[in-house]
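Colleague: When you get a sec, could you build the whole thing from the sequences and use the hints?
Chain order of the listed sequences is A and B.
Counting in the working numbering, the first sequence runs from 1 upward without gaps.
Counting in the working numbering, the second sequence runs from 1 upward without gaps.
Read the hints as simulated data drawn from the structure, not as lab findings.
All residues carry an ideal CB built from backbone N, CA and C; glycine is no exception.
Fair warning: there could be bad hints in the mix.
Claimed, not checked - The following label-pair restraints were derived from C-beta to C-beta distances: (1) A:Arg47 with B:Asp407: 24 to 34 Å; (2) B:Met476 with A:Ser181: 22 to 32 Å; (3) B:Ser281 with A:Asp72: 22 to 32 Å; (4) A:Glu49 with B:Glu461: 13 to 23 Å.
As the list claims (entries may be wrong) - Capping the alpha-carbon separation at 20 Å, the derived lysine to aspartate or glutamate pairs in EDC-like fashion look like this: (5) B:Lys380 with A:Asp170; (6) B:Lys381 with A:Glu82; (7) B:Lys381 with A:Asp61; (8) B:Lys381 with A:Asp36.
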Amino acid sequence: MSNDLPTAFPIKRGRVHEAQGPGALSFAAIAAGFADGEALWCQESWRSEQLNPQGLRCFADPDRVLLAKAQDQTELLAIAEETLRDGAVSLVIMELSKPLNLTAGRRLQLAAKTGRSTGLCLIAEGAGSSAAETRWHCQPTFDTQDWTGHRWSLIKNKSGILGAWYVRWDWAARRLRVVSSASE
Amino acid sequence: MFDGIGQRVVCAWFPRLASDRALRLRPVEGPFALTLKQNNANRLYCLNSAAEQQGLHRGMAYSDARAFCPDLQSRPADLAGDQAFLQVLHRWALRYCPWVGFDEPDGGRPSAPAPPTSTPAAPPANGLILSITGSAHLLGGEAALLEDMQQSLAAAGFRLQLGLADTRGAAWALAHYRPYTDPGRPNGMAEPGQNLRALEALSVAALRLDEKTVVALQRLGLRTIGSLAAAPRAPLARRFGPGLHLQLDRALGDMPEPVNAKPEPPHYGVRLTLPEPIGLSDDVKAGTLRLLERLCEKLKAQEVGARRLSLTLRRVDQANQQVDLKLARPMREPQAILTLFERGIEAVDAGYGIDQLRLEAVAVETLPNQQSSYFVGGRKKEQLDDLISRLGTRIGLENIQRFVPSDTHIPERSFRLAPAALTPSAAPAQNQNQAQSWQSATLSPLDHPRPLRLFPAEPIEAQGNRPPARFRWRRMALTTARAVGPERIAPEWWHDDANWQSGLRDYWRVETQQGRRLWLYYTPQNPGWFVQGEFA
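Modeller: As structure tokens, this is what we get:
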């Protein structure tokens, strides 16, 4: 299997993935732009940080993003599971505050498989669930020419090999450009 | 006569509807009046008979009335409540005949601008017109019908004046000037074809004329309807215009005047009373399904769909349990709605059992009948709306939101979060407009980049008006590698926003060696540095 980004990104449909690190949010935004339908962004209502559609519009159409505010993580997982199983939206992004246990992770996987929709959990570092299909660590990088650089490293992959890439978002063309693949 | 069939019309006038209603809700002894604020003065709007006996009248200034009658009790008038109550009376009147209209206060008077007097404008409607043609025998004749109306409203505490005649105008005149009193006397009733005989002694004011015409007619010596009918028409028509004889002809039946019966607004409520109380949620669901089937039939007949439903479960101990359901799109499919109700029904405490179920569509929207189509886009949209409804039963429909752009430079106000179920991004055309408005918003994302994440401003320690070379943020030591700016944003003085009290802000896009790209701002009028967002 080759070490190219297209084998792993866009993330596989019908599965639940995980992203962590300071750049996880941009990873989610770019994933929402790649999704071919609406995306549901689930958040717990106590979070004061909010998604800014003015910033999001560089990556995805804010009209195609629905926002769901749940009381706590249990409720959040419940609506995420229901949405994944329904399949009316193609991407469900969950901002998790507590690690998932295996049962919860497995239930999300099964729901995503039934509904043929993709799930993406934004997790704290080291709080991954072993049920996830892939896990990405995203770190924004400083670059003298550009200011959208990221280092995406694939640190868990159930159906492929791991890898790391330097990527950059082309705002004008709304495309993801791979600068180079980082050495392991 | 404009038709062969003798029409019979009852006019029911409630001379003191407003005060009778107020006293029914909370009775008081002695003189009582409702006041209404008009032209910056409180005026008497409706009085009870005790107040009228004291010499008070409608339209009198409230302070004058208090001077005449110190023990006058008053309350403010509730016009909307009166109109709603008249609707109730309208429903009640349908027991006598199927054709009931409201008596508009001008009574179809031809346009004559009312002279500006001190009396307040007539209340919107305070009477009912019943066309009892062919239905009087059901209550044992006309006299019995009038007696029944009179009795039942007197028992409810309302003063009612009734008139019965062949025409609407004549019934109105009798109700207002010679109302029905009791079966023994001929008052208030005109025999078929005897309109003129019944009306001839009444004042010309009974013809629903404006005040000026009435006064002018009385000056001419034409005091009664009889003398007006006998007077030559041409000179009067020259002086008063065609309106005068139009009203006379209408009253005497030479000119038709229909009774406009308003259709009753459809009522979307059904209920089910059970012989034995039930307690299992499956039973309640089965009962709800039966109600839903009946309700959806009604909705379908009117081509509407329910947007909000309310299911009331009455327990045997009279404690009501209510289950509310909000839907993201108008629906009328019983099975689909039942699925959405399931969660609410599970949570109900049945207590000793439920013996009545009542289901009402509180809010409806038009939903035309449609052929179930091949149109895939529509189905996808419906699927999404159904999903939103389902999530809404779990976390509340208002917690599923959509971004709506708003035209301002203030970053945290440049968008609104609106409930997705209420935002009409449904229609494809509108969707396109909105997409455009995001793209063609005042700021181009290339010239004025905005962070992906916004948070409440977090202060950092720094000096000067240039971004600091090193700073600490969230317990991280960061080194500025490049800073782009400033972009100055001025507060909107027309909004009182506590966050913008510190005045102007100079925004900087700061890239750090560590990788994080932050949105910093400096407040020159009130020196300080803050972090407000993070870029992708």
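Colleague: Please test the hint of 22 to 32 Å on the beta carbon pair from Ser281 (chain B) and Asp72 (chain A).
Modeller: 25 Å, holds
Colleague: Starting from the hint 24 to 34 Å, judge whether the C-beta atoms of Arg47 (chain A) and Asp407 (chain B) obey it.
Modeller: With Cβ atoms ~26 Å apart, the hint holds.
Colleague: Going straight from one Cα to the other, do Lys381 (chain B) and Asp61 (chain A) come out at no more than 20 Å?
Modeller: 17 Å, holds
Colleague: Could you tell me whether the CB distance from Glu49 (chain A) to Glu461 (chain B) stays inside 13 to 23 Å?
Modeller: 21 Å, holds
Colleague: Would the pair Lys381 (chain B) and Glu82 (chain A) pass a check requiring their Cα atoms to be no farther apart than 20 Å?
Modeller: 17 Å, holds
Colleague: For Lys381 (chain B) and Asp36 (chain A), compute the direct alpha-carbon distance and say whether it is at most 20 Å.
Modeller: 14 Å, holds
Colleague: Taking the CB of Met476 (chain B) and the CB of Ser181 (chain A), does the distance hold inside 22 to 32 Å?
Modeller: 28 Å, holds
Colleague: Tell me if the straight-line CA distance from Lys380 (chain B) to Asp170 (chain A) falls inside 20 Å.
Modeller: Cα-Cα ~31 Å, so violated.
Of the hints listed earlier, the one the structure fails to meet is number 5.
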